[in-house]
Amino acid sequence: MEEPNPKQRATRHEAAPARRFVGPVVILVLAFASAVVYAAWPVRRPPGFHVWTFARLHHQIYVPIAEQWNLTHTPKVNLTLLSLPALEQRMLSAFLARTTSAELIEVERRAAARAFVGPLDAVGFVDLTDRIRAEKLDINPASFSPWTARGRIFGLPHDVHPVMLGYRADLVEAAGIDVSRIETWDDFFNVLRPLMDERDEEGLPKHYLLNFWDTPVHGEVVELLILQAGGALFDERGQPTLDRATNAHVLATLVSWRVGPRRVVADAPYFSASGNKLLLEGRVVASFVPDWMCNIWRFEIPQLAGKVKLMPLPAWARGGRRTSVWGGTMLGISRSATDIDGLWTFAKRLYLSRDAAHELYTRGDIITPVRSFWDDPIYDKPDPFFSGQAKGRAYIDLASQVPIRSNSPYGTLAMTEVQNALIALVAYAQRSKRYAADELTGEAARLLGLAQARVAARVARNVFLAAEPLSADVRESTP
Amino acid sequence: MRAAPGVSNSRAAWLLLAPFLVIFAVFYAYPLVRSVLLAFQQTFGPGSSRFVGLGNFRFLLSDSLFWTALWNTIVFTCGSVFIQLPLALGLALLLNRPRVRGRALFRTILFAPALVGVVFVAMMFGVIFEKRTGLLNLFLHQMFGWNLDFPWLETYVMPALILAALWQYVGFNMVYFLAALQNVPAELLEAARIDGAGSWKRFLHVVLPAIRPVGAFVVLLSIIGSFQLFELPYIMLNSTAGAENRGLTVVMYLYQTGFQIGDLGYASTIAWVLAILLIGCAAAMRALWTTEAES
Amino acid sequence: MSAARVQGALRAASVYAALSISSALILTPLAWLVCASLKRNEDFFNSLFLPAGDGLLGVAWNRLTLHHFYRLFAELGIGRALLNSVFLSSITALLATLFAAMGGYALARLRFRGRRQIDWLVLAVIVIPPPLLLAPTFQLLFQLHLLDTMAGLILPACAPAFGVYLFRQAALGSIPGELLEAARLDGCGEVRTFFAIGLPLVMPMAAAFLLITFLGMWNNYIGPQVVLQSPQRFPLAVAVAQLRGVYYQDYGLLMAGTLVSIAPVLLLFLILQRDFVSGLTSGAVKG
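Protein chains in written order, with our numbering: chain A, 1 to 479; chain B, 1 to 295; chain C, 1 to 287.
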């Protein structure tokens, strides 16, 4: 390109002198102004303890406790309600970067496990084992399992979360069916089968017997059923055990409920408006109800009041476990905190006080893990929503049967693999027209074997877990 | 510091280059070297690390999550290049026609989405793509009786991502094409018209070759950008990889590995594989282009 | 009318139709965003855009609300996030542009040993994909105690190789060698020459690059997400993304937050778009 002479070039640029400076001037002004404001408005962490929680219910219960504390104690407590993904993200971020986050963090099972994936000295929570043992309170042992790593306890347990079946007592009793005879899953389907005789305009059953499907929404139900049956995804040493025979048996049975002309289950997705509507219509007669689900029903589907009752889960074999577990929350003290004793005192108020336990049940229907408080008469009060059942006591009676939950950081991965195996098994059953559980066990075992290999490969390559001596039986570590 | 003409003035040059070079050395060169080292380590956050030799690479070969991520990323890249770019070119051709009134306005409107950050595009489209209640399904249902429950965010994540990326960048790419089209020598076009070539022939034999350099640049830019897809699916799927990992991309997997699980080492391994793929792509494109230009 | 004119008119009409439809499709999500941020949550799914009612044009104007914006600023501290975004973006833009201009000028107009190597280095660096540097930079910032600081975000962004390349091209194209010779003969030092003559002559490129960098930092999510821990330091991209819940979404709030985040930049750039576009394309078309 020919270079025009410099004077021409210079004048051409002179021709639009002001315009080309507008942008830079704007940015300059913004920079200066924002720097001034930024300097004058420093980022200051409000003094005192920071307590993070993610559940609105918990937040509501803690606010009065915090206010009480702030009247008589320093440092003051700052309660913050965060959304679960935000809380998880910030907690993990702070742990990895070893910066300060909140002093007390209430965290849900899956997120807590992530803190355990590295070396023990990098776990972001304070080791509470000795403090808990020094307490004279009697706490449900199984409640500690998800928060225990390598034999040390890193969080105060929030709950027990036993699971029962919530069923449409109005439909069942109208058909003259007596559910007290039900002991096993086979009993359950046999006894309730007459309810499927009622048909809709297309000739399909109006009511299915159980709320279950092979979509991720029901993923936790798969796990709770595996645990109920005596299966497990991890052993006490944190090693994956996806390919256990019991697991395959459970998967095969679930698929036999789901496929073929003798299907007995239908999909009423949890936590959705459409699922709630289906429950009301009676599309499914029974649904899985841990103690916290009672609260969701109470507020999200009030029209169910007086129509439902609870019964223990039917066992997988006669004399077997009549309950399982779903969910879990803990309260942990951040390792970067300074006043551990003060924090421990406040944590005990939130979790180990009679008042908090009482509120937890009255507002949230949740059973406290502190056995010493189970004598509270509130648990025996008949609940009109559940047709007058003393449901608190019913859940408490099942507490001793609640299975151990794993603490493995690979829990989510394992569950996803099992979920995918379930979906594959459903497809297999539909393709090969094999609908009975014993016909499907072989394929289930094969699919779980592949899943096991994948999870085991990941667990095995974790040098931090391998480097430290794995814990003894988790049960031994609980007081 | 003054120098006679023709004499080198190193001191001034190095002084002017100093800020860039210092920051470059600290925040580019050093991390680059570290990333090579990291690829042979396993970490839990930046505070704990162990050397694992080739363990990361060996694991990568059998890591089904990585291969799923890579596949998804490739599908998205192809979608971006083969769907979005022709549309951008088409729009540029339309805008380039002589006597189009309001050209500046159209250009502004079509370009505007490029200014919206990916995060915000993802937030918007995360709601627009929802089943039953999202703008897209509702609109299509009213217009064409489209299935109201069409699962954009579950089974059809990839088309949804391609659509969202298209909305955001088609105007951006169009602007590049427009600039290139406006630089096509008018005499060549005129000559072709006089020779009796129809508009399609003119396009193929005059316009396309003339805009090839810019076209190659745009394609390369598009490939590089698409390969690094992360925030769009991550935010749209609410910080997850979606059902059956359909929304998992290589950089998302990198992020989850490094900043949620804490293994910065394996994350670096993944990053290096990505970098090598991209550099290979760029080199291949360059080679293809230069040989074609020579022929 | 002759057949050719009819054909011509039809062709023109179809061009306008295509352009208009495209523009409408592009604008629709933005229009929806504005409507969504003004609707109450109860009304959110009752209508596609504005709630229907008895008001003008069949719209229930009285059902619109500014409550979401109020909540954002009064309860959720979006004002702070806005400040953080402006601060981060403008400071980064200024520093990055300055350093890139200085470097590009030196490479283009000064002769010195090592120039070819630096040239080559700049081109090579452009090829490095940013995700590669994410993990080791995080580690480095951790060791430098720069995590959870604004400096930790700003500094790494101040060495833009692409910027150096662009300014090198601009300096080659816009700064006549004779002008610089004249300055040197007058006894002007090289650095002074840059600031007095060189920089003003590449100002169009500087304006464009300032805007590009500003935009890049404004919309940056992964950087602040990884580096920053304290919520008071979050810029808009991170703050708004964290408004989402798992089982329940406050749609109106989310969309209002999104609008607050994109409106300033859209406005800024609609005014300054010519510079932005010219800067973007100069690298491709001329270079």
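The set of hints was computed from the structure by calculation and includes no laboratory data. Just so we're clear, the structure is a prediction, and the values are computed from it rather than from any experiment. For glycine and all other residues, C-beta sits at the position ideal for the given N, C-alpha and C. Among these hints, one or two may not hold up.
Incomplete in silico selection of chain A near chain C, CB under 8 angstroms [claimed, not checked]:
hint, residue
1, 21
2, 23
3, 27
4, 28
5, 30
6, 34
7, 37
8, 38
9, 40
10, 73
11, 75
12, 79
13, 83
14, 85
15, 93
16, 97
Cut-off 20 angstroms, straight-line C-alpha distance, at most; resulting in silico cross-link-like pairs (EDC-like, lysine to aspartate or glutamate) [what the hints assert, rightly or not]:
hint, chain 1, residue 1, chain 2, residue 2
17, B, 131, A, 198
18, A, 307, A, 376
19, A, 277, C, 186
20, B, 131, C, 250
Label pairs and their in silico Cβ distance ranges [said to hold, decoys possible]:
hint, chain 1, residue 1, chain 2, residue 2, range
21, C, 10, B, 287, 40 to 46 angstroms
22, A, 427, C, 47, 37 to 43 angstroms
23, A, 37, C, 42, 32 to 38 angstroms
24, C, 47, A, 271, 21 to 27 angstroms
Fill in: Hint check, failures only
9, 10, 11, 12, 17, 18, 19
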